[in-house]
Each structure stands twice: as C-alpha cells, then as structure tokens.
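Residue numbers (the working numbering), protein chains in the order written: chain H, 1 to 522; chain Y, 1 to 522.
Mixed in with the good hints there might be a few duds.
It does not matter which identical chain is used: a pair holds within one copy or between any two.
Claimed, not checked - No farther apart than 27 Å at their CA atoms in a straight line, the calculated lysine-lysine pairs in the BS3-like style are these: (1) 296 <-> 474; (2) 39 <-> 227; (3) 401 <-> 67; (4) 195 <-> 215; (5) 367 <-> 346; (6) 474 <-> 227; (7) 227 <-> 315; (8) 179 <-> 403; (9) 215 <-> 179; (10) 305 <-> 315; (11) 227 <-> 158; (12) 367 <-> 431; (13) 185 <-> 346; (14) 185 <-> 250.
Calculated directly from the structure, the hints in this document are not laboratory data.
Spelled out from the first residue to the last, the chains are:
2 protein chains.
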Amino acid sequence: MKRRDLLALIGAAAGSTVMYQAMTSLGHAAESGYGGPIKLDGNVKGASVLILGAGLAGLVAAYELRKAGYQVKVLEYGARAGGRSWSIRGGDRVTELGGATQECGFDRGLYLNPGPWRIPYHHGGFIDYCRRFNVPLEAFVQLNYNAYLHSKDAFGGKPQRYRHISSDFSGGVAELLGKAVDAGKLDDAVTKEDKEKLLEALRQWGALDKSFAYKADDASDRRGYEKDAGGGPDGAPTPSTPLTLSDVLKSGLWQGLSQAGRYEFQTTMFQPVGGMDRLAHALTQEVRALVRFNAKVTAIRQDEKGVTVRYVDTKTNAAAQETAQWCLCTIPLSILRQIEMNVGPKMATAIGAVPYVPSVKVGLQMKRRFWEEDEAIYGGITVTDLPIRNIGYPNSGFGTKGKGVLLGTYAIFQTFALEFGALDPAQRVAKAVEWGAQIHPQYRTEFENGVAVAWQRNPASLGCFANWTDDLRKAHYADLCAIDGRILLAGEHASYIPAWQEGAILSSLSAIERLHARVVTG
Amino acid sequence: MKRRDLLALIGAAAGSTVMYQAMTSLGHAAESGYGGPIKLDGNVKGASVLILGAGLAGLVAAYELRKAGYQVKVLEYGARAGGRSWSIRGGDRVTELGGATQECGFDRGLYLNPGPWRIPYHHGGFIDYCRRFNVPLEAFVQLNYNAYLHSKDAFGGKPQRYRHISSDFSGGVAELLGKAVDAGKLDDAVTKEDKEKLLEALRQWGALDKSFAYKADDASDRRGYEKDAGGGPDGAPTPSTPLTLSDVLKSGLWQGLSQAGRYEFQTTMFQPVGGMDRLAHALTQEVRALVRFNAKVTAIRQDEKGVTVRYVDTKTNAAAQETAQWCLCTIPLSILRQIEMNVGPKMATAIGAVPYVPSVKVGLQMKRRFWEEDEAIYGGITVTDLPIRNIGYPNSGFGTKGKGVLLGTYAIFQTFALEFGALDPAQRVAKAVEWGAQIHPQYRTEFENGVAVAWQRNPASLGCFANWTDDLRKAHYADLCAIDGRILLAGEHASYIPAWQEGAILSSLSAIERLHARVVTG
Chain H
1 MKRRDLLALI GAAAGSTVMY QAMTSLGHAA ESGYGGPIKL DGNVKGASVL ILGAGLAGLV
61 AAYELRKAGY QVKVLEYGAR AGGRSWSIRG GDRVTELGGA TQECGFDRGL YLNPGPWRIP
121 YHHGGFIDYC RRFNVPLEAF VQLNYNAYLH SKDAFGGKPQ RYRHISSDFS GGVAELLGKA
181 VDAGKLDDAV TKEDKEKLLE ALRQWGALDK SFAYKADDAS DRRGYEKDAG GGPDGAPTPS
241 TPLTLSDVLK SGLWQGLSQA GRYEFQTTMF QPVGGMDRLA HALTQEVRAL VRFNAKVTAI
301 RQDEKGVTVR YVDTKTNAAA QETAQWCLCT IPLSILRQIE MNVGPKMATA IGAVPYVPSV
361 KVGLQMKRRF WEEDEAIYGG ITVTDLPIRN IGYPNSGFGT KGKGVLLGTY AIFQTFALEF
421 GALDPAQRVA KAVEWGAQIH PQYRTEFENG VAVAWQRNPA SLGCFANWTD DLRKAHYADL
481 CAIDGRILLA GEHASYIPAW QEGAILSSLS AIERLHARVV TG
Chain Y
1 MKRRDLLALI GAAAGSTVMY QAMTSLGHAA ESGYGGPIKL DGNVKGASVL ILGAGLAGLV
61 AAYELRKAGY QVKVLEYGAR AGGRSWSIRG GDRVTELGGA TQECGFDRGL YLNPGPWRIP
121 YHHGGFIDYC RRFNVPLEAF VQLNYNAYLH SKDAFGGKPQ RYRHISSDFS GGVAELLGKA
181 VDAGKLDDAV TKEDKEKLLE ALRQWGALDK SFAYKADDAS DRRGYEKDAG GGPDGAPTPS
241 TPLTLSDVLK SGLWQGLSQA GRYEFQTTMF QPVGGMDRLA HALTQEVRAL VRFNAKVTAI
301 RQDEKGVTVR YVDTKTNAAA QETAQWCLCT IPLSILRQIE MNVGPKMATA IGAVPYVPSV
361 KVGLQMKRRF WEEDEAIYGG ITVTDLPIRN IGYPNSGFGT KGKGVLLGTY AIFQTFALEF
421 GALDPAQRVA KAVEWGAQIH PQYRTEFENG VAVAWQRNPA SLGCFANWTD DLRKAHYADL
481 CAIDGRILLA GEHASYIPAW QEGAILSSLS AIERLHARVV TG
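So that you can see chain H by itself, here it is in the shape it has in the complex (with noise of 0.2 Å):
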C-alpha cells in the first residue's frame, strides 16, 4: 500500500487530527520524491556493475551498491569527480573545447559554482545525503529586497530595488482590487461574507490606508524610507514616495517577481559551505578506490552475460576495456549519442532525442565587497536583461573586510548563452565587466580578475542539462528509464528534476533499486 493510500484510509476512518498525526509520524506530510536511506536488502550473489560517470549519480550509486556488497567499477572522463557539481578555485585549469584554457586566479577561499549552486529545501536526497556525510550547508540567498531588478530600458536604465517594484506591484494591485471590492463592483464574484475579510487581507498585505489607497506612509514601511529611522533627536525617518502601477507595469520589472515564491526557489534554499562540489569531494573520499579517472568511454557493448566499455586513457591514449554484469550510464544524453552502444531503438531513439541547453557562467573576484559596503547587497542575485542576466552576490561571510567573487553572468537558454560562448574566455569575462558595470559602476576600479564557463563548450557535457519538453517526455521518457539488456541509465536527464542535483540522485537511486530487484530475484 501507498503512503498516501494508507493516509486516506486513516484519514477517512479516524478524522483529519488522526490522519495528520498520523502523517506526521510517517514523515513528510507531502510525499517526497526522497524515500529515506536506499536499502539493497539480499543476495547480490557477486553480482559486478560497471559504473560509467562518476558525477554525483555516479558516486551514489557506486557507494551504495558497493554497501550492498557489489563488484564495483566506475569509469570517470575527467581527471575528477563530481561532474557538473562542481566550484572552481583558485590554481583550477579549466579547458574547454577548442583548446582555451583558463587557469583561476581567485584568491585563496574564493570559489565559483559554476553549474548547481543552490538546494531547494525539498531536495531530501541531496540534504540526506549531505547529513550522512557531515556536509555542512549554509542558507543560500535567492530572494534579496535590496537588491536590483534592471532594464536598460526602464528608469532610464536605473536599477530599481526589489522592494521597491515587489511592494509597489502589491500595493497597486491591493489599491485596485480593493477599491472595486469596496464599491460593490465584484459583488457577483464575492460573498456577503467573504467582503469584509478580503478587505481586511487586501488592506494589510497591500500597505493600505483607511479608504483602500497606497502611500507613502503605510508604503514605506515595505518599500523603505526616503531617509532611515535613526537614534537621537534627529532620529526621525523621512517616508518615500511609491511609484504608481502603471510606472511599474510599463517597466516591465514585475517580471523578476515571481520567482522567489516558486517552488524551485522558495526559502529555504542552501548552499554548502565552502563550494557545491564538498558532497561530491565527500563521496569521492568513500568511492575513489573504485573509479579510473581520464577515461574516455569509446564504446559500450553488451551481449547475455554482461557488458563490455573499451575507452581510452586520455594521459597516455592506451586503449582498454572494463567489463562487469551490468552496466550504470550516467553519460550526459548529449555525449552518449555520439558513443558506439548496442541498445535496443527505444532507449537509441530515446537517447538521441533530447537537446541540451546552453549555459554561461562567469565568476569575477573584486578586491572588496563594494555590494555590501556601499549598496548593502547581501547575497540574493540582482536581474537584468542586459545579456549577463543576473549578477549573484557571494552568501557567505557577509559583511567581511576582504575580497569577494560575484557571479557576473549567468545567462541561460537560446541567445544570450550561445553569443556569451561564441566569445573566447577573457572576452567573456570582459563583457561581464562591462555589462555589469552599467549596474554597478564600481566594478570599473574593483574588478581583478575572472573565470568563464560555457557549458556548451564542455567537452564533459556539451550542454548544461537535458532540455525535456512534454511531448518529448511523453515520447520517450519510459524507454530512457527502461533497462535494457543489462544497460540502464541514470543521471539528472533520466528524471523528472532536470538541471538539479536532486533528479541525478533520485534517478540513480531509482536505477539501482530496480538494477537489485533484477539481480536478487533473477
């Protein structure tokens, strides 16, 4: 039985505090897309699985099935692991395809998440697993009220503080709604007995006066102050004048609105101290004794009794081959089509299908942070739609005297990404500069150096993530999941969580539940 079928049976039976309570003692009262710690209970009779990709789908699932008591092998393309979770540092090379290779320059506890770099607190798989191996994570900043949402285009190009479009869009929208409730407009759409507390909930979640209308007064107690409340006799605070709707629905700006109550992006969202990669590193420290790094798959063939991967060491060129019973791939899509591989046309066709998104990030290190000291920017990310997109401020030692790295771009998608990755690295780097300079001008004597990431010029992914549309899910979203022979594939591209950490657990977690159920019981 379900867990949420036994919930309803109670429910239905006992009430709804039984139920709850009930709920409460089975955990999450939504169900999560994390189970709990994965237990591979039974015979696995030797059983030997050959891992390919030792990204964090690959690392859970070398971990756990070697704790189930598997023979375990992982091939890794890089000369690390971890994958996209990855933080660049200071002395780190990093080559991209056509050769340009850039090395840090950041200073010392300086780093970049140039892929992932924030956790929903509703990815359980990754958080259980930070847990289990002492990750310590800290609060990563999505929302800031301080900082910016910017168009060249509006205010004159004048970057507009988020509280200031956040409650001014409310406050409008309260102001108009609450007007043509008070007047009787919406009778037809309100009840008698709904009217009095919509006004109520409209008055104070607006900012509004007695007669429903949006000022300075009540507004500034949202979107801040003119002057700010002080000490002594000169303490008083001056109000500040909000902008009418139809300033801020001609801006444009309410579009950088929404994001924060997202599901994806609602607090509480994290970050692990010290780089996205500590839970690879972590897992890394358990697993590295099973994993060949510099090793490039070449071809992936299996036939009844098991699976056999010829790859290249990519320091020497030797070529070589693995063989084991079965096979885990947790090659990105966009790598695995071009790799020689005898699957049946469902999961060949499946394999093929999906496009990848093109991504760039860029990390710039100033020698202090300007965001704080002058603008009082702590963490949270500015928007704009000039081509760096957002500027990320650093979430961690707020309101310390040294240097700081910012992300400078990170632009996603179509056009911007791909005319970012067109340019070499430096360029890059200098066109963040320059765009986000326009934003903050301090960056023009701040700026000390850069590092530049375009996914698509990763020869490890030639992409950021799988771009799943429905219909393509619908197409083949089954056969990419299906085991085939003795092949299955897992990764954030065989989940219904793309682009996030969480679906490459889940999905390797789903992969070898299954691989172990086969095993056991064949």
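Once you have looked at the hints, place chain Y on chain H.
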C-alpha cells in the same frame, strides 16, 4: 550641504544617470540612519565621561569616547556586559524578579537569544561594528515557505504550510482581479495601455492559466505537489489541489503573510554566528578595563562642574560613588525612573512617560532536529494563535545530526506575554511544550530541557523595550534626547528604532556626537 540636497542638485543639472552614478559613489542610494564610522576630531581637553549601563549603547560609547581621548568609566548593574543583547548557554544562571533562578541545561554549542535575534540588512551600524570587530554574520531565515501558519480554529487545528496559504491567497486575489479586469469591469480605473500588461502580470504573479483561473497544475509550481517529482520511471509529480480564496479568508491565516515583506523583516536578515552576544562580547574585550560590574546605581546628581553617581556593589552591598564631568546614561527608562536624579522637569517627565513592553521567550532543547528530519523545515518561524505565538527553528547547523534548540515561545505585548510571565519558569517551559506539541507532536518524545525569560521580570529592564506611540513621541521624545546640564541619555528608547539594537547603537552615536561638539567648542 546634506547628501540628498547635493544629489537633487546633480539630478537637476545633469539628469538621472549622472545622479545615479553620484548616488552610488556616495554610498547607499537612500540615506541610511548610520553615517559610517563616527569621527570625533578635536581636543577633548581631558574631559571625563561616566557611562551608566554596559549594553550595546554603553559599550559603543565607551569604545568610541576612549578612542577619541576621553577618560571613560562604565558602571554596569549585571555581572556581564551586553544587556539585552544576550545569549543563554548551558551552565548559565538566570535569576529574575521574585528570585526564581534557572540553570540552563543546554548542550555545548547550543544557545537561546532571549532578546534580539535578527538583524535587518539596513541596520548599518550593527553590521559595521560586526565588520570592524570581525564578528561573523550568517543568514537569519525570517520566512520559510515550508514552516507553518497555524490557528486552533482553522482547518481543524491542523497547521498549514506557509506556501499553501501564500500561493492560494495570491492565486485567488490574482484570479479575482484578473477576471474582473478581463471582463472590462475596471475599465474606468485601468487604461487600455496598462490593461494588457496588468493581465499578463497577474497571470505570472498569481500562477493563473490562460483564462485567469488558479488551478492545480500551475498552482503546484508555487504551493508544491501532492507527490514531488522524482527520478526514474515513476518520477512524475502529482499536482496538489489549491484551497479556495474563501477558505483562505475564513481561516484568518492570511494575517501571517505580510511580515516577511516589511522593511524590518525583509531578506537578507542576519544573526551573528554563535549567538547574538558576539558583538557585545567583542566590544567588551576592548573596554573591559573601564567597566565596573555588579554596580547598582542608586542616585545620579549633577551640578555645574560635573556628575556624581552613587551605587551599591551587589556582591558586597558596599556603597560607593563615581564622578565625572559628563554622564551618558543608558539605563532603561523603566529602571531609571526609580532612581533619584536631578534633571530638569521636561526630561524627568519624559523618563516617566514611556511604558515598557512585556515579552516572553522560551528555549527548548530537543534530542534531535525532527523539524528538519521529519518535516523539512530548515530555519524560519511557525506562526500560531496559541499562546506560544511563534516557534523559531535554528538558522544554523542545517541538516546536522545532533540536538537542537527551538524557540518554543515568543509572546510579546499584553495578554499572552503577561500570562506566560505570571507562571514560574518551569511552568512556562512545560506550557511551551504542551502547546507546541499541538503543532509538532514530536515534542512529546524529543523534549529534554528548557529555559524561559520573561522580560517584565528581568531586574535590569523590567520589560523588553520602550513602547513609544505617536502621541508619546510628540510630547516627550525631544526632551528625552536633549542634553540636560551634564547628563544625556542613550539606548533603544532614545531612538526611532525602538526594540532594535540598531536603535541603541545609533542613539549612542548621536549622543556622543552631540556631547563631543559641546566639549570641543565649550
């Protein structure tokens, strides 16, 4: 010329872009209550200042005045500095009016901030002192979409996730307004040009479908899913069903929605790593030699030449006195009005006029972090109409395996705070556990020990903070902040930011700036 006058001049002469660049180069675009590190230049001629109280106001004044060349002494009633900027840890003893004494039983590393517990990003004074004294700050999660809103009278007493109430309120309001606007009912209030943009904005903000309805599929992207997305073949998410706007309105839980958007509570908020008392601790390291602890002030007398303060050593009961040319008094008004003091009638009346707010906080040590492990609540606050009013979850150590301390009660202002305060400390803790278990049944098995602070019974403040009203401000604030002969006052009560440490700091800086002007020109 004030900075905002300068900016207006630049704006008029050179347009908004240049003005904005000037604003940026001058620091914050809006005027902060804190003007940067205080400069007390000039010859202080060996002047002496006696500071009463070693809370944040007193500590800041002692540090800055000594640095400027003053002879400084501090009398402090308690055995420690920091005042209400306080953290309680295992082994600490807390004695309140009436004699009840608790010894805190928390494990090492755990603490309760019984007074202030969060710092807004615009409290530039507090943050700058942290920067100067290397006190690390971490994010304080004010808003957690996965914490609860709870009313004993709504939804059968079952706590609701914040994200459900928040999304369904926005969705319901957007649907109501969107449909009315689309039907032309508000054509008198919305221009044709704005109409299309407003509809688009409401659709995006409220997660509406094309016909402006708020329904499961789009709503789940905000409120979350019945079953979350996962990996592998069974990974498809199941959407959740929204509450109707009418149900949200009837529940009253919308009253918990607006706080996180208020200027004082917006992201990014902070807490000092390791406890709120870390800044006071750092300042105390600087000025410890100047402070006499356990000194209960009994009389403050001034004449033309200086000030004499009589006090009793609370350890020995010996009476003694200190003299200085000036006195900066930071004693809470609730205490000060009981001390003999020869100030003029205006200041005396002001000191007597402002009531103090009762407030109770209870800290509860739990055997494990069940709110994280069972309910995916990481930091933030659950709001309830039970007498405990709030449950605060720790904002550090996310995902760790050990114990944790919850804020199990934060009741402020009249009824509940007074009722809680009337109980003895052990009863307060027991009640916090009993009521909290209605929200988290795990309390019953996980609770270990607790500590309870009723501020109205704190012998050093007889309340939590000064409860200014507009009328009281008009009548008394200027008198309270004036220099009366050789005496002037500081503390959160002498600011427009009552209850906040920033008010204490800014009032102190204002006071010593005015005192200094008197000294160097006198």
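Hints versus structure:
In this homomeric assembly, residue 296 and residue 474 never come within 27 Å of each other (Cα to Cα): the closest approach is 32 Å inside a single copy and 77 Å across copies. Taking the closest pair of Cα atoms, residue 39 and residue 227 come within 27 Å of each other only across two copies (21 Å); inside a single copy the shortest separation is 59 Å, beyond that limit. With identical chains, the CA atoms of residue 401 and residue 67 are at most 27 Å apart between copies only, with a shortest distance of 21 Å across copies and 45 Å within one. In this assembly of identical chains, the alpha carbons of residue 195 and residue 215 lie at most 27 Å apart whether taken from the same copy (23 Å) or from different copies (22 Å).
In this homomeric assembly, residue 367 and residue 346 never come within 27 Å of each other (Cα to Cα): the closest approach is 54 Å inside a single copy and 51 Å across copies. Proximity of residue 474 and residue 227 under a CA criterion of 27 Å is satisfied inter-copy only: 19 Å between copies versus 56 Å inside one chain copy. In this assembly of identical chains, the alpha carbons of residue 227 and residue 315 never lie at most 27 Å apart, being 62 Å within a copy and 46 Å across copies at closest. When the C-alpha separation of residue 179 and residue 403 is checked against a cutoff of 27 Å, the pair qualifies neither within a copy, at 50 Å, nor between copies, at 51 Å.
For the identical chains of this complex, residue 215 and residue 179 are neighbours both inside a copy (14 Å) and across copies (26 Å), given an alpha-carbon limit of 27 Å. In this homomeric assembly, residue 305 and residue 315 never come within 27 Å of each other (Cα to Cα): the closest approach is 31 Å inside a single copy and 85 Å across copies. For a Cα distance limit of 27 Å, the shortest separation of residue 227 from residue 158 inside one copy, 19 Å, qualifies, whereas the shortest one across copies, 43 Å, does not. In the homo-oligomer, the alpha carbons of residue 367 and residue 431 lie at most 27 Å apart inside one protomer (18 Å), although the nearest pairing across protomers, at 52 Å, exceeds that limit.
When the C-alpha separation of residue 185 and residue 346 is checked against a cutoff of 27 Å, the pair qualifies neither within a copy, at 57 Å, nor between copies, at 54 Å. Proximity of residue 185 and residue 250 under a CA criterion of 27 Å is satisfied in both settings, with 26 Å inside one chain copy and 21 Å between copies.
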